[in-house]
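S.K.: First to last, the protein sequences are chains A and B.
Mapping of the first sequence onto this note's numbering: residues 317 to 439, in sequence order.
Mapping of the second sequence onto this note's numbering: residues 317 to 439, in sequence order.
In case anyone wonders, no lab produced these hints; they're calculated from the structure.
Hints may contain errors.
Given that identical chains are not distinguished, each listed pair holds provided it fits within a single copy or across any two copies.
[Claimed, not checked] Listed below are the simulated DMTMM-like cross-link pairs for lysine to aspartate or glutamate, each with C-alpha atoms no more than 25 Å apart in a straight line:
hint, residue 1, residue 2
1, K329, E411
2, K427, D343
3, K377, E431
4, K428, E370
5, K322, E414
6, K376, E356
7, K369, E424
8, K397, E431
9, K327, D343
Since the model is a prediction, treat every value here as computed from it, not as a measurement.
There are 2 protein chains.
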Amino acid sequence: MKQSIKKIFKKNKRLSVAGSLWIACNDNRFFGPGPLELLERINNTGSISEAAKEMNMSYKKAWEIINVLNDGPVKPLVVTKAGGTKGGGSVISDEAKELVVYYRLLRERFKKFLEKETRNMAL
Amino acid sequence: MKQSIKKIFKKNKRLSVAGSLWIACNDNRFFGPGPLELLERINNTGSISEAAKEMNMSYKKAWEIINVLNDGPVKPLVVTKAGGTKGGGSVISDEAKELVVYYRLLRERFKKFLEKETRNMAL
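With the rest of the complex left out, here is chain A:
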């Protein structure tokens, strides 16, 4: 890196390298931060409507995301159980749980990449 931009980077502690990350299928966004949060909340609450509510998302929008997920290469991700006395409720599949773990670790590695690049700006 040349001297002048290096000096500017060094002086500006407000500067950072940032980004976003997702899993693509045929170059289309398939799984990212939004679906991650939705799956985790369905897993915690056992309910799509509860999960949607927690995310300030409409039930319809949550189902749109789930339909895209369930139509992807890892399927099904969300399984809806038929209603009993307590109502049906929804669970996420074992594959969905693994996908959540994989994506969380992937995001950790990405965070490290961004932190390293941000540190290097000031070197």
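Put chain B on the given structure of chain A with help from the hints.
M.R.: Same frame as chain A, now just chain B:
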């Protein structure tokens, strides 16, 4: 990674890790693919209106981007010269040229990160 999701990743050659990357200032997006392309095209054409035209972008929109850039920590990035017989035209500053080089190299490292993660999905 557990076995079942690994098998799914292995079977699906359509899957990849993808993302986008930018330089942030106070956690706000400051410089990314759009500004990069605009600066490069201004540098090549010597003209903001030509650069905007090549990007199918309005002259107004191009100026909005330039104003944000010129208001940032690296300034000025675009310098407009007063019109002579040939009209004024615009150039990018030395710092802007260095920023373009820095961002291009950063993006190369990010591309390598994504390629490595995509390869590792299938391992």
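S.K.: Which holds for K376 with E356 at a C-alpha limit of 25 Å: within a copy, between copies, both or neither?
M.R.: within (18 Å within a copy, 43 Å between copies)
S.K.: Can you give me the call for K327 and D343, within, between, both or neither, at a CA distance of at most 25 Å?
M.R.: between (38 Å within a copy, 16 Å between copies)
S.K.: 25 Å Cα cut-off: does K329 pair with E411 within a copy, between copies, both or neither?
M.R.: Between copies only: 18 Å across chains, 41 Å inside a chain, cut-off 25 Å.
S.K.: With identical chains treated as interchangeable, where does the CA-CA distance between K428 and E370 reach 25 Å or less: within a copy, between copies, both, or neither?
M.R.: neither (29 Å within a copy, 37 Å between copies)
S.K.: If the cut is 25 Å between Cα atoms, do K377 and E431 qualify within a copy, between copies, both or neither?
M.R.: Classified as neither: same-chain Cα gap 33 Å, cross-chain 32 Å, threshold 25 Å.
S.K.: Within, between, both or neither: how does the pair K369, E424 come out at a Cα-Cα threshold of 25 Å?
M.R.: Neither way: K369 and E424 sit 27 Å apart in one copy and 40 Å across, limit 25 Å.
S.K.: Checking an output row: K427 and D343, CA cutoff 25 Å. Within, between, both or neither?
M.R.: both (22 Å within a copy, 14 Å between copies)
S.K.: Is the C-alpha distance from K322 to E414 at most 25 Å within one copy, between copies, in both cases, or in neither?
M.R.: between (42 Å within a copy, 9 Å between copies)
S.K.: Go through the copies and call it for K397 and E431: within, between, both or neither, with a Cα cutoff of 25 Å.
M.R.: Neither. Shortest intra-copy (42 Å) and inter-copy (39 Å) distances fail the 25 Å Cα cut-off.
When each numbered hint is compared with the structure, violations occur for hints 3, 4, 7, 8.
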